[in-house]
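J.: Take the sequences, apply the hints, and build the full model.
The sequence shown runs 149 to 364 under our numbering.
Just so you know, the hints here were simulated from the structure itself, not pulled from any lab data. It is possible that part of the hints are untrue.
With a straight-line Cα cutoff of 30 Å, these simulated DSSO-like cross-link-like pairs (lysine-lysine) come out [claimed, not checked]:
id	residue 1	residue 2
1	K320	K167
2	K227	K262
3	K227	K200
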Amino acid sequence: ALQSYAHADIAPVVRVRGKSTHVCELFHGATLSAEDASMQITMRLIERALVKRGRRANVVCSTTGEAGGALASASSGLKTMDAWIVYPGDDGGVSEAQEREMTCHVEDNVHPVKVSACPDGMSDIDAVVGALMRDEAFRMEHGLVCVNSCNVARVLSYVPVFFYAYSRVVSKEEYGREIVFSVPSSAFGYEFAGHVARMMGLPIAVVCACNPNGAA
Numbered sequence: 149a150l151q152s153y154a155h156a157d158i159a160p161v162v163r164v165r166g167k168s169t170h171v172c173e174l175f176h177g178a179t180l181s182a183e184d185a186s187m188q189i190t191m192r193l194i195e196r197a198l199v200k201r202g203r204r205a206n207v208v209c210s211t212t213g214e215a216g217g218a219l220a221s222a223s224s225g226l227k228t229m230d231a232w233i234v235y236p237g238d239d240g241g242v243s244e245a246q247e248r249e250m251t252c253h254v255e256d257n258v259h260p261v262k263v264s265a266c267p268d269g270m271s272d273i274d275a276v277v278g279a280l281m282r283d284e285a286f287r288m289e290h291g292l293v294c295v296n297s298c299n300v301a302r303v304l305s306y307v308p309v310f311f312y313a314y315s316r317v318v319s320k321e322e323y324g325r326e327i328v329f330s331v332p333s334s335a336f337g338y339e340f341a342g343h344v345a346r347m348m349g350l351p352i353a354v355v356c357a358c359n360p361n362g363a364a
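T.: In structure tokens:
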């Protein structure tokens, strides 16, 4: 699933300031997004399950950018699914570059859906997608699968990142020393994965970072 990555280490950890600050680079995937790995893994898991059951699915993702491009890349050309990428228009927070990633160079099974009249931006989109997923009869009839960060496969695919990054920063002799991860906040998928890693015994603390304007 990760063969398209441009770096052999997938998520290399580099030192950027003296000996104490490092960055785990998650931008070496097909769309240069931190969501590339999780989407590639999740799509392959879904595809395998669908093939095994002889079924087809409609995969849905509400997004303001990165996850949409990553889903378009990961699902493009897969015969077992249609991918529906729902995002807000009217200056809903999606940049031109992000919109192009969602709408260009994709196969017929990828369907970007731009929704206008969203005064609350992403909250309006999430409300619609949430209502669809809560309608069990509709969900089952159309084979809906949500691949936002609430999908457990997405979260589980984040967990190894923390173990790998820890192993690159802390030597065997120092194992057990707590280190701090500062994680950009979006839908808190990575933050929750860090919590899971901590509950599994990894000695880390997680700082939930966000922009001054409150944007993810």
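J.: Please go over all the hints and tell whether each is borne out by the structure.
T.: Now for the hints, and whether the structure bears them out:
For the proposed pair K320 and K167, the alpha carbon gap of about 16 Å is at most 30 Å, so the pair holds. Our distance criterion of 30 Å between C-alpha atoms is met by K227 and K262, whose separation comes to about 24 Å. Note on K227 and K200: the hinted pairing holds, with a Cα-Cα distance of about 13 Å set against a maximum of 30 Å.
The structure is consistent with each of the numbered hints, conforming to all of them.
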